[in-house]
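The working numbering applies: residue 1 is where the sequence shown begins, and numbers increase by one.
Calculated directly from the structure, the hints in this document are not laboratory data.
Wrong hints could be hidden among the right ones.
What the hints assert, rightly or not - Taking CB as the label site, the calculated pair distances span:
(1) Thr68 / Met228: 37 to 43 Å
(2) Trp120 / Arg55: 40 to 46 Å
(3) Phe46 / Leu113: 32 to 38 Å
(4) Gly56 / Gly198: 39 to 45 Å
(5) Thr68 / Trp201: 36 to 42 Å
(6) Arg229 / Ala111: 23 to 29 Å
(7) Arg55 / Arg166: 19 to 25 Å
(8) Phe252 / Leu215: 20 to 26 Å
(9) Phe194 / Asn3: 22 to 28 Å
Heads up, the beta-carbon is just placed ideally off N, CA and C, and yes, glycines get one too.
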Amino acid sequence: MDNIRGSIWMVLAMLGFAIEDTLLKTATISVPVGQTLMLFGIGGTFGFLLLTWRRGERAFTPEALKATLYTRAIFEITGRLFFLLSLALNTLSSTSAILQATPITVTLGAAVLFGERVNWQRWLAILIGFIGVLMIIQPSSESFQVTSILAIIGMIGFAGRDLATRAAPPALSNMQLGVYGFAVLIPTGAAYSFWSGGFVWPDLFSGLVIAAGTLVGIGAYYSLTVAMRTGLVSVVTPFRYSRLLFGLLLGFLIFDETADAMTLAGSAIIVLSGLYILAGHSRLKAQASKGLRERA
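Taking the hints into account, I'd like the entire structure generated from these sequences.
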């Protein structure tokens, strides 16, 4: 039963993130990217501050000054800024598809940086997954969009953030990390706004869209936290890929986007490669647990 509940929470989280992407993309039509990022950061920081205080935790602790958190902040800024730029300049469907390579990139980074065991089959799956990314961006074709590179940089930023989160002090809760993650977006958005041409006064619709995107994003983050703490991770995690389906659907319904055959094929390859890597990781954990029990 926990696995079912965890899977439902994960699907709800991915639906929330897809809606957040849609709302922020809509906002950037009339509000500059930097300003949208800044307002999103203000709303997210305030929201996670309330959640942190509700849990009886302090928002800022000495652990927040660890070097790992600075590294995490750099990757958070990179991921959020370039992903939002891709949303503004590229299609929602293509950006969502490229983002699905994040778990594959995390596996690669964990092997290189943390020395995690990766057998040749998983290395092959990583390579095939990145081939799927190339199929989506089609660098050698006339349909190649330079803006797709923004999505790739954003995806790498999110992968680096996830890796840095693994190394973050265990004493910090997910809510506290949420505060820090959104807080760094405020000066980043402000600086990018000054660099790219300044601020505009958002109209009522744009303001409401950014506010709605922030609220939905906070809800999605909370749902993701509940999902990862409910049921088996190996059962719940694959439902992350439902975000791609929601992204394709919302891109079609809201922005009249249509994904070509190469994008769909590349997306399928990324998802299948990611699922294979997750399955292999689960098998390794099960074998390790079995070995520990036998030695005990």
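Assuming the hint says 37 to 43 Å, is it satisfied by the Cβ distance from Thr68 to Met228 or not? For Thr68 and Met228 the Cβ distance comes to about 20 Å; the hint is violated.
Given the hint of 19 to 25 Å, check if Arg55 and Arg166 actually sit that far apart at their C-beta atoms. holds (22 Å)
Honestly, do Phe46 and Leu113 meet the 32 to 38 Å range at C-beta? This hint holds: roughly 33 Å between Cβ atoms.
C-beta pair Thr68, Trp201: status relative to the range 36 to 42 Å that was hinted: holds (39 Å)
Is 20 to 26 Å a correct range for the gap between the Cβ atoms of Phe252 and Leu215? holds (24 Å)
Has the hinted range 40 to 46 Å been met by the Cβ atoms of Trp120 and Arg55? holds (44 Å)
Look at the Cβ atoms of Phe194 and Asn3 and judge whether their distance stays inside 22 to 28 Å. violated (48 Å)
Between Gly56 and Gly198, does the C-beta distance stay in 39 to 45 Å? holds (41 Å)
Cβ distance range 23 to 29 Å for Arg229 and Ala111, holds or violated: With Cβ atoms ~26 Å apart, the hint holds.
Against the hints set out earlier in the document, violations occur for numbers 1 and 9.
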